[in-house]
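A.B. asks: Chain by chain, the residues:
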Amino acid sequence: MAPEINGPPGVICAGLAKTWPGGVDAVRPTDIQFAAGQTTALVGASGCGKSTLLRMIAGLETPSAGTIEIGGEPPAQTLRKAGLSVAFQDPSLLPWRSVRGNIELALSLARRPVDRAAIDQLIALVGLEGFADTRPAQLSGGMRQRAAIARALATEPRLLLLDEPFGAVDELTRQQLAQDLPRLWEARGTTTILVTHSVTEAVMLSDRVIVLSPRPAEVVADIAIDLPRPRAPEDARKPGFAAHVDAVFAALSQAGALRDRPLAAQ
Amino acid sequence: MSAVAGYAAPATGGSGRGTAIGLLLVVLGWELAARALVGAFVLAAPSQVLAWLIENRGLMGRALAETLGNAAAGFVLGNLAALALAGIALAFPASQRIVTGVALVVFCLPLVATGPILRVIFGPGDGPQIVLAALAVYYTTLIPLLVGMRAAPATWFDLIASYGRGRVSALIHVRLMASLPYLFAGLQIAAPAAFLGAMVGEFTGAERGMGVLTIRAMRALDVEMTWALATVATAVAVAAYLAVGAIARRVLQDAPPIILAPPRAEGAEAGIGRLLLSLAGVAVAILVLWWGAIAVFDLNPFFAKGPQDVARALIWAPNAAMARASLGAALGETAVFLLPGYLAGLAAGAGLAILFVLAPAVAGTAMPLAIALRSVPIVTTAPLIVLLLGRGALGTIVLVAVMVFFPTLVACIHGLKQAPGQVIDVFDSYAAGRLQRLIRVRIPAMLPAFFAAARMGVPASVLAVTVVEWLATGAGLGSMMAISASVSDYNLLWSAVALTAALSALGYAGVGLIEVRILRIYAPEQLT
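Taken in sequence, the protein lines are chains A and B. Position 2 (the first sequence) corresponds to 2 in UniProt numbering; numbering is contiguous. Position 259 (the second sequence) corresponds to 259 in UniProt numbering; numbering is contiguous.
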């Protein structure tokens, strides 16, 4: 996986803004660069526009102003080459397809060959061995998220967009998922953008945390997380980790994000 | 794998025994009532019906095969039409209001009049029966299908888009599969409706079939034959309903939703201006189709009257005032039967549903029976009601009420069960009584289902009242359409058809407007 022509792309947003049809500003003109091969977390209060930012990068939302370049190309072109994957907060598995079926669907949508052995291997890698032919309704919430991550990784995306991927499960499961899954895409050197409102999760998973203000979103802090990898849950209690968490919280409260939404609870 | 395999086993049984007991009680009560009323010549006992069926099995079998064949052909054609219309509405989203509006008006055409008109067009043969069967089914498939096509979370479409795929992929991978449960729910209602359509078609001068036998039995006042025909029609309808349900469970690995013709969501946010605009669009489309059909099929102007003929007959022809007066009189006669029956059916359905909730043990037995009976083509039992209650007002009102009653009952019981458990828990935590819970939680939760049933009840009750008027009472619009068809007064016939369809569609739309207001308060999620 040497970063060459097909290596992970950098993402450059220039003057990116989104105004909803009603005139509500979701994202104020923003310049952000996401470094190739790094994991960057976008943190902010609920409804601050961070998901909108991610959806614009994913090509699911058209910007009102500004440009996005993914490895020098606009998102639409990256989409056509199936160069990115999105994992949503809702696992969004099609209920009439098995875990394998959902992964196969992603491959065929991405116009990739369907390699049964590779799929089985991936399913085992996310910890769903033996559940390949199970339908989502019979899986627990955490297992569904694992399946969704497997689907997102199946197409070997160069850019991985995670919209609160562990948001819909309980705290214990969330910790377990955050422990098990990130190493899969870290090992591939994928460029990853993670949207979350859990500060601990952002620090745990990322090389860099970008703090956004309440709506309309604006960058208020850009914090590098230079903690050694791999990181374990117990690292969260170490001073270096705690200092980074405090820095993110400080930036959030400075932005006014903490005024009425106690993020510490999450 | 084995750990989860247990979940897949469907939960069957349970309700089966309740249904069997309920069915047994019905048959027993029927037999006893027949023995008590012997000599009144209104009620044939199950034993007599069985004896008649065995004795006349050849006749019955041929008629049943004929009607089943027509119903099946109509079922296929009608559902194909529904699929095509849904496809148009999906490909051109702007056309959806026009498509559903025109579909509604065509659905509201009174079968009593379209039967004779189709008979003239097709001549002798199976044409009218098949077309009427198709007309009876396509709307109840189209509406759930349109809802089902949109009944997928937005993220599923995002997923497709995130791989750079467009509407075709979304249609294939998401919409078609997501709409399957709704399609089956529509087909489940359509299967018995096709049988009804075919029978009504046979009322209008066919040579063979159950409808022909029904007319013959009624003219001859043959009590046993009338009851035997109604029994067979009921059994066929219930069997068709259950068969589609069984196929659905096999395909979906889950029971289809007990669909109650979900509300037309697009009416939700539309202002009065857009509403009028789409109304005008529907009216224009109807007129164009009306003219177009006469021109394309090159119909004889003596019997095929266009909109301009109807307008002339009602507005500026020398005898227009007389035509208007007789139409108005007929409309008045019909309304006297229709409105009380419609309201009584709604009230009885909702009332009984509430009683069932207060006595859950009864509901367990009665619900499967009610679901099955919902599918019975009530109109085919019209002769029975006439036998039982005579040709007066009461018989007609009861028939209309029964036609509305079963769908309302099923919908309301379903709706009452939709009450959110957590809200019920809140009430329990205040030790609120059963009545409090019923009034404050369950009945509001029932309203969306109730109004959906009320909306679908409008065309159903119009169908019921016109058929009874035609077959039995000889009054009102139904009789007027039948008479004007037989004396070739086609101006009056087409006028009556236009009036009936327009009023029926407007009634449906009117209930729909009330429904949207109610849903905005009690079930806003259904409007998105």
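Treat the hints with care, as some may be off.
Claimed, not checked - Label-pair ranges, simulated between beta-carbon atoms:
(1) B:Ala20 to A:Gln121: 50 to 60 Å
(2) B:Lys417 to A:Glu73: 50 to 60 Å
(3) A:Gly22 to B:Ile247: 14 to 24 Å
(4) B:Arg167 to A:Ala118: 23 to 33 Å
(5) A:Glu73 to B:Leu287: 26 to 36 Å
(6) A:Pro239 to B:Ile518: 18 to 28 Å
(7) B:Val284 to A:Pro113: 47 to 57 Å
What the hints assert, rightly or not - In silico SDA-like pairs for lysine to any residue, Cα to Cα no more than 25 Å straight-line:
(8) A:Lys81 to B:Ser169
(9) B:Lys417 to B:Ile439
(10) A:Lys238 to A:Ser253
(11) A:Lys81 to A:Ala137
(12) A:Lys81 to B:His173
(13) A:Lys81 to A:Gly66
(14) A:Lys81 to B:Arg517
(15) A:Lys81 to B:Ile172
(16) B:Lys417 to B:Arg520
(17) A:Lys81 to A:Ala117
(18) B:Lys417 to B:Gly351
(19) A:Lys81 to B:Arg250
(20) A:Lys81 to B:Leu355
(21) A:Lys238 to A:Ala137
(22) A:Lys81 to B:Arg520
(23) A:Lys81 to A:Ala35
(24) A:Lys81 to B:Phe157
(25) A:Lys81 to B:Ile439
(26) A:Lys81 to A:Gln33
(27) A:Lys238 to A:Thr155
(28) B:Lys417 to B:Ala20
(29) A:Lys81 to A:Thr155
(30) B:Lys417 to B:Phe427
(31) A:Lys81 to A:Arg116
(32) B:Lys417 to B:Leu355
(33) A:Lys81 to A:Gly71
(34) B:Lys417 to A:Ala137
(35) A:Lys81 to B:Val168
(36) A:Lys81 to B:Gly351
(37) B:Lys417 to B:Gly512
(38) A:Lys81 to B:Thr155
Derived by calculation from the structure, the hints in this document are not laboratory data. C-beta: ideal position from N, C-alpha, C; glycine also.
A.B. asks: Now look at each hint and say whether the structure bears it out.
C.D. replies: We went through each hint and held it up to the structure:
no., hint, result
1, B:Ala20 to A:Gln121: 50 to 60 Å, "52 Å, holds"
2, B:Lys417 to A:Glu73: 50 to 60 Å, "53 Å, holds"
3, A:Gly22 to B:Ile247: 14 to 24 Å, "46 Å, violated"
4, B:Arg167 to A:Ala118: 23 to 33 Å, "30 Å, holds"
5, A:Glu73 to B:Leu287: 26 to 36 Å, "52 Å, violated"
6, A:Pro239 to B:Ile518: 18 to 28 Å, "59 Å, violated"
7, B:Val284 to A:Pro113: 47 to 57 Å, "52 Å, holds"
8, A:Lys81 to B:Ser169, "16 Å, holds"
9, B:Lys417 to B:Ile439, "13 Å, holds"
10, A:Lys238 to A:Ser253, "22 Å, holds"
11, A:Lys81 to A:Ala137, "31 Å, violated"
12, A:Lys81 to B:His173, "19 Å, holds"
13, A:Lys81 to A:Gly66, "22 Å, holds"
14, A:Lys81 to B:Arg517, "46 Å, violated"
15, A:Lys81 to B:Ile172, "20 Å, holds"
16, B:Lys417 to B:Arg520, "19 Å, holds"
17, A:Lys81 to A:Ala117, "23 Å, holds"
18, B:Lys417 to B:Gly351, "15 Å, holds"
19, A:Lys81 to B:Arg250, "38 Å, violated"
20, A:Lys81 to B:Leu355, "60 Å, violated"
21, A:Lys238 to A:Ala137, "39 Å, violated"
22, A:Lys81 to B:Arg520, "43 Å, violated"
23, A:Lys81 to A:Ala35, "21 Å, holds"
24, A:Lys81 to B:Phe157, "18 Å, holds"
25, A:Lys81 to B:Ile439, "57 Å, violated"
26, A:Lys81 to A:Gln33, "22 Å, holds"
27, A:Lys238 to A:Thr155, "36 Å, violated"
28, B:Lys417 to B:Ala20, "23 Å, holds"
29, A:Lys81 to A:Thr155, "11 Å, holds"
30, B:Lys417 to B:Phe427, "16 Å, holds"
31, A:Lys81 to A:Arg116, "22 Å, holds"
32, B:Lys417 to B:Leu355, "13 Å, holds"
33, A:Lys81 to A:Gly71, "12 Å, holds"
34, B:Lys417 to A:Ala137, "22 Å, holds"
35, A:Lys81 to B:Val168, "17 Å, holds"
36, A:Lys81 to B:Gly351, "59 Å, violated"
37, B:Lys417 to B:Gly512, "22 Å, holds"
38, A:Lys81 to B:Thr155, "20 Å, holds"
Hints 3, 5, 6, 11, 14, 19, 20, 21, 22, 25, 27, 36 from the list above are not met by this structure, while the remaining hints are.
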